[in-house]
Amino acid sequence: MATARMALHGLSSLEQYGDMLEADTAQGRLEREELISHFAVGESYFFRDKGQFDLLKHKIFPELIERNKTGRTLNILSAGCATGEEPYSLAILLSEIIPDIAEWRVHILGTDIKEEFLEKARTAVYSEWSFRMVPEEVRKKYFTRKGGLFTLDPGIKRMVTFHRGNLLDAVFPEPAGQPRGLDLILCRNVLIYYRRTMAAAIVIKMTEALREGGYLITGHWELFSSPLGILAPRVFPESFAYQRVAEGPAQKPIPPVPHLPVFPVALKAIMPRTPSSTHDTVREPQAVLTDVHTLFNNAAYRKAVALLEKELRKAPEDFQALCLAAHAYANLGEHGRAVELLRKAIDVDPLSAEPYALLAHIAEENGDADAAKGYLEKVIYLYPALVSPYLDLSAIHENMGEAEKARKMRQAALSVLKGLPKESIVEPYGTTAADLVHHMELLLLR
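Residue numbers (the numbering used here): 280 to 725.
Hints are computed from structural coordinates only; laboratory data are not their basis. Errors might be hidden in some of the hints.
The calculated lysine-lysine pairs, modelled on PhoX-like cross-linking and capped at a C-alpha distance of 25 Å, are [unchecked claim]:
id	residue 1	residue 2
1	K687	K697
2	K329	K419
3	K436	K425
4	K582	K593
5	K701	K687
6	K338	K589
7	K436	K399
8	K338	K420
9	K657	K687
10	K336	K436
11	K684	K593
12	K436	K419
13	K419	K393
14	K684	K697
15	K687	K652
16	K657	K623
17	K348	K336
18	K329	K420
19	K336	K425
20	K657	K697
21	K399	K419
22	K348	K436
23	K623	K652
24	K399	K425
25	K623	K593
Predicted model, so just to flag it, every value in this text is computed and none were measured.
Based on the provided sequences and hints, a complete structural model is requested.
As structure tokens, then:
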């Protein structure tokens, strides 16, 4: 594609073509639109990326609703919305969590570069394919079925408007009569289509469009190693986001993945451990596990630590309790105790990758990139079919200026992803293998 476009414009190198794309000229704008339109993906589905929608449901929307309860107004932008599933998902979610939604002024704007996508979005009629992540009760509540098609409830449809635009050239519109800035911008898996310099320019514009305290949510890898300005990374159990903060020192780039997820679901769900006669004979009571899970979800790490330490006094070689307690201590910033527990877990089961993955996150948090790399390499050795350590390593290599090594890690991740069923959900990213393959291929082109 790029070679053909270069020939069309009489250019002899990718560098010349890149300069033309970045130029603030009519030719540059038209070429950007042509290129992005060529790669744009129109396929989407409702509530895509469970982790991010859980984050919106449990953390971000409740915070924004509380903050705006006096004026009862929410302004939201869904950038690169394709055929509308994302902004309509936001409208449905808000209707679920705001009992008196009719008394609020909710403005959700969906933008995309392709008018044909927006035309479909405005009809709000979808096929079965768009409901892969939607519970049956939600579909029945908000859609009317006729044959193989589903029409969205008119009340939800009225909450969303659509506008054609290219993010690089657009001036982010203020909702009519609401010149107070945006509370939330979703720009997921869009910035990956742009060169880094262009993506950085878009991030600056989006930051300026947000109110102080407003949130930006992007795809999982799109801003890694990028300067964030006055956007502060916020890491939650479900996923991560960026929040506009008051003017001050520039924020550090976000690390490769949300540090130390507060409950190790992802690793345990997809990483089988070699049976060990030592720790398999000791089991935590189900009631204790349930209590710990609840405490983690409520960020009550100190209480979780107390409960787990009590269990460890009874069974000091309980592998699961050791790892859970290490998670809790790490989230409290008590890395010394976390590392101590993880080393004990390794003694109990030296062939489990989970302790090494946690040690890698702690090492990176403490600025020890070399140690983090070593731990991640052990994770890959023990479980080479896991995607996340390759991507974590690629980000570390990139931060260290080791571009070729970063590229090799991404290629390795892509190879693993291509071996997975296309519709399988890849943890901890909460999206399908097919989606991640597409995004990794674009990353390797940048």
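Hint by hint, here is what the structure shows:
1. K687 with K697: 15 Å, holds
2. K329 with K419: With Cα atoms ~19 Å apart, K329 and K419 stay inside 25 Å; holds.
3. K436 with K425: 17 Å, holds
4. K582 with K593: 17 Å, holds
5. K701 with K687: 22 Å, holds
6. K338 with K589: 30 Å, violated
7. K436 with K399: 13 Å, holds
8. K338 with K420: Holds, at about 24 Å.
9. K657 with K687: 17 Å, holds
10. K336 with K436: 20 Å, holds
11. K684 with K593: 45 Å, violated
12. K436 with K419: 15 Å, holds
13. K419 with K393: At roughly 30 Å apart (the allowed maximum being 25 Å), K393 and K419 break the hint.
14. K684 with K697: At roughly 20 Å apart (the allowed maximum being 25 Å), K697 and K684 satisfy the hint.
15. K687 with K652: Status holds; Cα separation ~14 Å.
16. K657 with K623: 17 Å, holds
17. K348 with K336: Satisfied, since the Cα-Cα distance of roughly 16 Å is no more than 25 Å.
18. K329 with K420: 19 Å, holds
19. K336 with K425: The hint is violated at about 30 Å.
20. K657 with K697: 22 Å, holds
21. K399 with K419: The given pair, whose Cα atoms are some 21 Å apart, holds under the 25 Å limit.
22. K348 with K436: Holds, at roughly 23 Å.
23. K623 with K652: 21 Å, holds
24. K399 with K425: 17 Å, holds
25. K623 with K593: Status holds; Cα separation ~15 Å.
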